[in-house]
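Student: For the sequence shown, position 124 matches number 124 in UniProt numbering, and the numbering has no gaps at all.
Be aware that one or more of the hints could be misleading.
As the list claims (entries may be wrong) - FRET-style restraints, in silico, Cβ to Cβ:
no.	residue 1	residue 2	range
1	Arg78	Leu53	41 to 49 Å
2	Gly48	Gln132	38 to 46 Å
3	Val134	Gly99	48 to 56 Å
Unchecked claim - Straight-line C-alpha distance at most 25 Å; calculated DMTMM-like pairs for lysine to aspartate or glutamate:
no.	residue 1	residue 2
4	Lys42	Glu133
5	Lys42	Glu128
6	Lys42	Asp107
7	Lys42	Glu112
8	Lys42	Glu89
9	Lys42	Asp52
10	Lys42	Glu72
Bear in mind the hints are in silico, worked out from the structure with no lab data behind them.
No residue lacks a Cβ here, since even glycine has one placed at the ideal position from N, Cα and C.
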Amino acid sequence: MAYPPRHYLPGSAFGYPPPPDRPVQWYDEAAGPMVRPYALTKGRTRPGQPFDLIALVVTDIPDPAVLPVGPEAAAILRLCRGNALSVAEIAAELDLPLGVVRVLLGDLLDAEQIRVSRPVPPALLPHEHILQEVIHGLRAL
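Whole structure, please, built from the sequences with the hints as guidance.
Tutor: Below you can see the structure in the form of C-alpha coordinates.
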(Lines of atoms letter the chains of each structure in order from A and count residues from 1; the text may use other names and numbers.)
(Lines give C-alpha, C1' and ligand atoms only; values in the text may rest on other atoms or scores of the structure.)
Protein backbone atom coordinates (compact mmCIF):
# COMPACT_ATOMS: atom_id res chain seq x y z
CA MET A 1 0.00 0.00 0.00
CA ALA A 2 1.53 3.28 -1.06
CA TYR A 3 0.98 6.41 0.93
CA PRO A 4 0.11 9.64 -0.88
CA PRO A 5 3.04 11.99 -1.38
CA ARG A 6 3.61 14.63 1.32
CA HIS A 7 3.56 18.23 0.30
CA TYR A 8 6.35 20.13 2.00
CA LEU A 9 6.31 23.84 2.59
CA PRO A 10 9.47 25.46 1.32
CA GLY A 11 11.44 27.41 3.91
CA SER A 12 9.93 25.72 6.98
CA ALA A 13 11.52 23.21 9.31
CA PHE A 14 10.82 19.65 8.18
CA GLY A 15 8.25 20.95 5.68
CA TYR A 16 5.61 21.65 8.32
CA PRO A 17 3.86 25.01 8.65
CA PRO A 18 5.30 27.34 11.29
CA PRO A 19 3.48 27.66 14.61
CA PRO A 20 1.03 30.55 14.83
CA ASP A 21 2.17 33.87 16.30
CA ARG A 22 -0.70 33.92 18.78
CA PRO A 23 -2.88 31.18 20.26
CA VAL A 24 -5.61 29.97 17.97
CA GLN A 25 -9.11 29.75 19.40
CA TRP A 26 -10.90 27.13 17.32
CA TYR A 27 -14.31 27.75 18.88
CA ASP A 28 -16.38 30.81 19.72
CA GLU A 29 -19.63 31.65 21.48
CA ALA A 30 -21.64 30.69 18.40
CA ALA A 31 -20.23 27.15 18.58
CA GLY A 32 -22.33 26.48 21.69
CA PRO A 33 -21.40 24.69 24.90
CA MET A 34 -18.29 22.55 24.99
CA VAL A 35 -20.11 19.91 27.05
CA ARG A 36 -21.76 17.15 25.06
CA PRO A 37 -25.53 16.80 25.53
CA TYR A 38 -25.24 13.24 26.84
CA ALA A 39 -22.99 14.51 29.63
CA LEU A 40 -25.75 16.87 30.77
CA THR A 41 -28.23 14.00 31.01
CA LYS A 42 -25.81 11.39 32.40
CA GLY A 43 -26.16 9.36 29.23
CA ARG A 44 -29.95 9.15 29.33
CA THR A 45 -31.89 9.90 26.18
CA ARG A 46 -35.47 9.61 27.38
CA PRO A 47 -37.24 11.25 30.31
CA GLY A 48 -39.11 9.18 32.86
CA GLN A 49 -42.38 10.69 31.62
CA PRO A 50 -43.19 12.00 28.15
CA PHE A 51 -43.32 15.78 27.71
CA ASP A 52 -45.37 17.40 24.98
CA LEU A 53 -43.83 20.41 23.24
CA ILE A 54 -46.65 22.65 24.43
CA ALA A 55 -46.82 21.34 28.01
CA LEU A 56 -46.49 24.29 30.41
CA VAL A 57 -43.86 24.16 33.16
CA VAL A 58 -43.88 26.35 36.27
CA THR A 59 -42.09 26.31 39.63
CA ASP A 60 -42.48 28.03 42.98
CA ILE A 61 -38.88 27.48 44.09
CA PRO A 62 -37.70 30.89 45.34
CA ASP A 63 -33.95 30.36 44.92
CA PRO A 64 -32.71 27.45 42.78
CA ALA A 65 -29.10 28.13 43.83
CA VAL A 66 -29.68 26.39 47.19
CA LEU A 67 -30.90 23.17 45.55
CA PRO A 68 -28.54 20.33 44.65
CA VAL A 69 -29.17 20.59 40.89
CA GLY A 70 -26.84 21.21 37.96
CA PRO A 71 -26.49 24.60 36.29
CA GLU A 72 -28.84 23.69 33.44
CA ALA A 73 -31.59 22.53 35.80
CA ALA A 74 -31.09 25.68 37.90
CA ALA A 75 -31.48 27.76 34.73
CA ILE A 76 -34.76 25.96 33.99
CA LEU A 77 -35.98 26.71 37.52
CA ARG A 78 -35.02 30.40 37.17
CA LEU A 79 -36.86 30.65 33.85
CA CYS A 80 -40.02 28.99 35.13
CA ARG A 81 -40.19 30.73 38.52
CA GLY A 82 -43.68 32.22 38.63
CA ASN A 83 -43.83 32.15 34.81
CA ALA A 84 -45.33 29.23 32.91
CA LEU A 85 -43.28 28.36 29.82
CA SER A 86 -43.74 25.57 27.30
CA VAL A 87 -41.11 22.87 26.89
CA ALA A 88 -40.25 24.26 23.44
CA GLU A 89 -39.76 27.78 24.86
CA ILE A 90 -37.45 26.48 27.59
CA ALA A 91 -35.31 24.62 25.04
CA ALA A 92 -35.12 27.71 22.81
CA GLU A 93 -34.33 30.06 25.68
CA LEU A 94 -31.53 27.87 27.05
CA ASP A 95 -30.24 26.95 23.58
CA LEU A 96 -30.26 23.26 24.51
CA PRO A 97 -31.51 20.30 22.46
CA LEU A 98 -35.12 19.41 23.11
CA GLY A 99 -34.24 15.88 24.23
CA VAL A 100 -31.85 17.21 26.85
CA VAL A 101 -34.47 19.62 28.19
CA ARG A 102 -37.03 16.81 28.39
CA VAL A 103 -34.65 14.63 30.42
CA LEU A 104 -33.81 17.53 32.77
CA LEU A 105 -37.51 18.34 33.18
CA GLY A 106 -38.16 14.68 34.01
CA ASP A 107 -35.55 14.85 36.76
CA LEU A 108 -37.06 18.06 38.15
CA LEU A 109 -40.57 16.58 38.02
CA ASP A 110 -39.43 13.43 39.84
CA ALA A 111 -37.89 15.67 42.53
CA GLU A 112 -41.22 17.61 42.72
CA GLN A 113 -39.48 20.90 41.93
CA ILE A 114 -41.72 21.77 38.96
CA ARG A 115 -45.38 21.45 38.03
CA VAL A 116 -46.39 20.48 34.51
CA SER A 117 -49.71 21.33 32.90
CA ARG A 118 -50.20 18.94 30.03
CA PRO A 119 -52.42 19.78 27.04
CA VAL A 120 -55.74 18.03 26.60
CA PRO A 121 -55.34 14.95 24.41
CA PRO A 122 -57.18 15.25 21.08
CA ALA A 123 -59.25 12.17 21.88
CA LEU A 124 -60.84 14.00 24.83
CA LEU A 125 -61.74 17.12 22.84
CA PRO A 126 -65.29 17.46 21.54
CA HIS A 127 -65.91 16.42 17.95
CA GLU A 128 -66.14 19.07 15.26
CA HIS A 129 -69.80 18.40 14.51
CA ILE A 130 -70.71 19.09 18.15
CA LEU A 131 -68.90 22.43 17.99
CA GLN A 132 -70.71 23.25 14.72
CA GLU A 133 -74.06 22.53 16.39
CA VAL A 134 -73.16 24.83 19.29
CA ILE A 135 -72.22 27.61 16.84
CA HIS A 136 -75.50 27.16 14.94
CA GLY A 137 -77.44 27.22 18.21
CA LEU A 138 -75.69 30.43 19.34
CA ARG A 139 -76.41 32.10 16.00
CA ALA A 140 -80.07 31.15 16.29
CA LEU A 141 -80.37 33.07 19.56
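Student: The structure should be examined with respect to each hint, and the outcome stated for every one.
Tutor: Comparing the hints with the structure gives:
A beta carbon spacing of about 21 Å between Arg78 and Leu53 contradicts the range 41 to 49 Å that was offered as a hint. Checked against the given bound of 38 to 46 Å, the beta carbons of Gly48 and Gln132, roughly 40 Å apart, stay inside it. Between Val134 and Gly99 the CB atoms are about 40 Å apart, so this pair departs from the stated range of 48 to 56 Å. Taking the CA atoms of Lys42 and Glu133, the gap is about 52 Å. The hint is violated against a cut of 25 Å.
A threshold of 25 Å between alpha carbons decides the hint, and for Lys42 with Glu128 the separation of about 44 Å lies outside it, so the pair is violated. Restraint check: the Cα-Cα separation between Lys42 and Asp107 comes to about 11 Å, which is no more than 25 Å; the hinted pair holds. Under the criterion of a C-alpha separation no larger than 25 Å, the hint pairing Lys42 with Glu112 is consistent with the structure, at around 20 Å. A threshold of 25 Å between alpha carbons decides the hint, and for Lys42 with Glu89 the separation of about 23 Å falls inside it, so the pair holds.
Distance check on the hinted pair: Lys42 and Asp52 sit about 22 Å apart at the alpha-carbon level, within 25 Å; holds. About 13 Å separates the Cα atoms of Lys42 and Glu72, which keeps this hinted pair within 25 Å; it holds.
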